[in-house]
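**Student:** For the protein sequence lines, the chains are B and V, in the order given.
With the numbering used here applied, the first sequence covers -10 to 456.
With the numbering used here applied, the second sequence covers -10 to 456.
Check the hints yourself; a few may be wrong.
Identical chains share a label here; the pair holds if one copy fits it or two copies do between them.
What the hints assert, rightly or not - No more than 25 angstroms apart at the CA atoms, straight line, and that leaves these computed lysine to any residue pairs for SDA-like: (1) K108 with R230; (2) K147 with G48; (3) K122 with P142; (4) K62 with R234; (5) K398 with S165; (6) K426 with F105; (7) K108 with E253; (8) K123 with Q247; (9) K183 with P159; (10) K233 with A76; (11) K123 with R94; (12) K233 with N249; (13) K182 with E384; (14) K398 with G383; (15) K182 with K241; (16) K233 with G48; (17) K182 with T245; (18) K75 with R412; (19) K123 with G381; (20) K426 with R412; (21) K108 with S388; (22) K182 with A399; (23) K62 with R230; (24) K62 with Q247; (25) K233 with E451; (26) K182 with S388.
Please keep in mind that the hints were generated in silico from the structure rather than gathered at the bench.
Number of protein chains: 2
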Amino acid sequence: MQKIALPAAALSLLIASLAHAAPPALDKGPDMVPATLSNVAAMREAALRDDVAMDIIEGLTTEVGPRPAATAKEAEARTWAAAKLKALGFSNVRIETYMMPAWVRGEEEASIVAPFPQKLIVAALGNSGSTGKKGLEAEIVYFPTVADLQAAPDGSLKGKIAFVSNQMMPTQDGSSYGAYGMARFVGPNMAAKKGAAAIVIKSIGTDRHRMPHTGVTRFEEGVQPIPAAALSGPDADQIERMVKRGKPITMKLLLTPQFNGKQESGNVIAEVPGSDPSAGIIMVAGHLDSWDLGTGAIDDAAGVAIVSAAAKRIMDAGTPRRTIRVLLAGAEEVGSYGGNAYFEAHKSELHVLTSESDFGADRIWRVDFAFPESAKAVADRIATALIPLGIGKGEHPASGGADNALFVKAGVATVDLQQDGTRYFDLHHTADDTFDKVDPQQVRQNVAAWTAMLAVAANAPESLSAK
Amino acid sequence: MQKIALPAAALSLLIASLAHAAPPALDKGPDMVPATLSNVAAMREAALRDDVAMDIIEGLTTEVGPRPAATAKEAEARTWAAAKLKALGFSNVRIETYMMPAWVRGEEEASIVAPFPQKLIVAALGNSGSTGKKGLEAEIVYFPTVADLQAAPDGSLKGKIAFVSNQMMPTQDGSSYGAYGMARFVGPNMAAKKGAAAIVIKSIGTDRHRMPHTGVTRFEEGVQPIPAAALSGPDADQIERMVKRGKPITMKLLLTPQFNGKQESGNVIAEVPGSDPSAGIIMVAGHLDSWDLGTGAIDDAAGVAIVSAAAKRIMDAGTPRRTIRVLLAGAEEVGSYGGNAYFEAHKSELHVLTSESDFGADRIWRVDFAFPESAKAVADRIATALIPLGIGKGEHPASGGADNALFVKAGVATVDLQQDGTRYFDLHHTADDTFDKVDPQQVRQNVAAWTAMLAVAANAPESLSAK
Chain B
-10 MQKIALPAAA
0 LSLLIASLAH
10 AAPPALDKGP
20 DMVPATLSNV
30 AAMREAALRD
40 DVAMDIIEGL
50 TTEVGPRPAA
60 TAKEAEARTW
70 AAAKLKALGF
80 SNVRIETYMM
90 PAWVRGEEEA
100 SIVAPFPQKL
110 IVAALGNSGS
120 TGKKGLEAEI
130 VYFPTVADLQ
140 AAPDGSLKGK
150 IAFVSNQMMP
160 TQDGSSYGAY
170 GMARFVGPNM
180 AAKKGAAAIV
190 IKSIGTDRHR
200 MPHTGVTRFE
210 EGVQPIPAAA
220 LSGPDADQIE
230 RMVKRGKPIT
240 MKLLLTPQFN
250 GKQESGNVIA
260 EVPGSDPSAG
270 IIMVAGHLDS
280 WDLGTGAIDD
290 AAGVAIVSAA
300 AKRIMDAGTP
310 RRTIRVLLAG
320 AEEVGSYGGN
330 AYFEAHKSEL
340 HVLTSESDFG
350 ADRIWRVDFA
360 FPESAKAVAD
370 RIATALIPLG
380 IGKGEHPASG
390 GADNALFVKA
400 GVATVDLQQD
410 GTRYFDLHHT
420 ADDTFDKVDP
430 QQVRQNVAAW
440 TAMLAVAANA
450 PESLSAK
Chain V
-10 MQKIALPAAA
0 LSLLIASLAH
10 AAPPALDKGP
20 DMVPATLSNV
30 AAMREAALRD
40 DVAMDIIEGL
50 TTEVGPRPAA
60 TAKEAEARTW
70 AAAKLKALGF
80 SNVRIETYMM
90 PAWVRGEEEA
100 SIVAPFPQKL
110 IVAALGNSGS
120 TGKKGLEAEI
130 VYFPTVADLQ
140 AAPDGSLKGK
150 IAFVSNQMMP
160 TQDGSSYGAY
170 GMARFVGPNM
180 AAKKGAAAIV
190 IKSIGTDRHR
200 MPHTGVTRFE
210 EGVQPIPAAA
220 LSGPDADQIE
230 RMVKRGKPIT
240 MKLLLTPQFN
250 GKQESGNVIA
260 EVPGSDPSAG
270 IIMVAGHLDS
280 WDLGTGAIDD
290 AAGVAIVSAA
300 AKRIMDAGTP
310 RRTIRVLLAG
320 AEEVGSYGGN
330 AYFEAHKSEL
340 HVLTSESDFG
350 ADRIWRVDFA
360 FPESAKAVAD
370 RIATALIPLG
380 IGKGEHPASG
390 GADNALFVKA
400 GVATVDLQQD
410 GTRYFDLHHT
420 ADDTFDKVDP
430 QQVRQNVAAW
440 TAMLAVAANA
450 PESLSAK
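Same shape as in the complex, but just chain B (with noise of 0.2 angstroms):
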């Protein structure tokens, strides 16, 4: 992590912008709750005893399961979310549908044919390619990186596997992801255009465990899809011991998955009225897809079941001034369609906040803001409500989720609850990803934060937006 020295100037401000974290006093409506410093603490700690983020991710990974974009599970899990947003009081709660072309898995199976025959474990990637029933045997090329992929001569890989092998390590707000998640987001694409039959990559992952991590890779207009999976890491080890003893190495490789052409996917939207719709929308998003190999617990009934509780704490504590909308979106594992079709039909209405919750259940560690200078307040009360929840103010923007990236690009504030990503990509996108992995306390102390924010914001006097 980064030092931080704070010299007693800065220490005196702090102080000082404490002191004056009280918003002004305005006029409010009857049913207003004033979000002061005393009445928000009281709702963060009492957001600290909440069960109902709980119930809803053991509910939904329990009575639906895994929930792939465009499939009828996932519309599924689009009912479940309706009912149980209805019976939780909200208002407005509705389904929003759109088309969206659909990829499902098949049969998958590798093995190490010579020099060391032996079977490996595998998962296709989201748009892979078929190798068709037979499948499909060739000698191997490794590369230890995508940056060695990436140099290999155009045309060296005709009829070969590419095999990319780079261990990401944890870092504790995912920063490692990015890097090594290129052999994932790019690697397929590259050794489809340098003529290979098919590509295995190292998981993108932080566990030595023996499940494949899958999630999503793109090919260009005009590259033809070739069967792309990931290796579990103790796998890819495996063939890395393999590839130091200099024989060449044969895989055999079945993968059969299939697109579906367009096929009905949606999102799931409810609503907290504020008394002000003059004051603009605050949306809250988490996605209801998940990954089809785990039953999506951390990703994403998490934050589904966050943004979820803290929205109904908000409601059952009055009427907030701003409208607390919930956005629970479909399809975000394979390119955020849901946030996307939100976007297109919302984008006229006023939304002066987004925010989604998309890292896990554990706990939040570091606020970050990206807030118009006329509200640079809000944020200053936002975060020292956070301060008695181990949450400290980051010295970045936030960039916002996946689901709220179009709002972010169009200038509409955001907040980022960072949650801690240590163990993260142990689970991400993995059959381990179930209930069992989500620890109580720490979800808690997401639905305190997230409560806290959305007092402070949905009721602050101060405009939100910058214009």
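Go by the hints and put chain V onto chain B.
**Tutor:** Coordinates of chain V only, in the frame set by chain B:
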């Protein structure tokens, strides 16, 4: 753990025994290494820098990989191991084969059909029957423990799938395996006798990963094997959550293992010849076969490696008084066929001490003895030599391992160098039993302990047998 109060008198005795721990001077051959405390200590300390054991584990798990009993892979492991032991300089390296009934895994799939359709992750238990290629679909009957299954009325399971869910907890000495393992050892036979169509059990394991733990089960003579499989822990938990919702649960199960008649298996044997044939043989064992899901790194490439590396250290130090025989047994996992075949073939030879390493690759924390009273001084010298490695003497007699069980039963002395089992059942019999789980420093501590034990026992002037 048990609390141990050490009275002053016992302490005096301990100090006295340490002072007298050097063996009595006897006439020795020219090559004899006198096992004084100082040279045992030197050998022990040198073994803490051992690389032979890690090299064996790496080689066997990489170049052979999974090696289930009575298959071509197990035969490959014998060839590999015999070549390795010859290269290390052992004498009389040989393979001794025998025939045994073979069972091989087939396809395996499971899912909940109603009320919450979703896939499950299962692995057939060794000796499981087959569902046939079409699989079977039936209602499950939930039993929290195997005692509940036992209490079910005869015939009450007709056409149903029994589901026994009990959660094993970690123990350093592995003692919880006996209690919780009953669901696997006897549950399937019990369910078959009560008319069940099949049985699924929560894995006998201590981890929270979606990797089922396989392992052998046994059906009584005359009981037709039913399909029997282990669910991963999280999958069993998922069904338990469904059970709590009170609706009937239908499961679909596809398991197509096969009994392949009698097939060849075998043991690999190697020796460090001793100078005094009349002093008897010390046999040290590990087992060469593994389950098919992982590469058998901790179970039991580690044991194979530890006893081989320690025996080599004795060999390299000169000719010991007693012959050390290394037994790398076949087919331990499915019923100790190798250990039993060795006993039948070699019981007429004078074995004075036998011991097995088959509880993973983690550090040894305790030593237990079953020595005749006449050899108590040898046990004391061994215990003394192990103290610097953090190994304390236990309070109960040693019981031996699966592959020297018949010698122990016949009254031959044994010593148990007890490995820390706290994380053993996280990995045991899963796909996750792979090389990366092995900690080199802990393996070296094992080699050091076995080296010290062998240095004392192989050179002890006293008799090790009661006769």
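**Student:** If you check each hint against the structure, which ones fail?
**Tutor:** 2, 3, 9, 12, 13, 18, 19, 21, 22, 25 and 26
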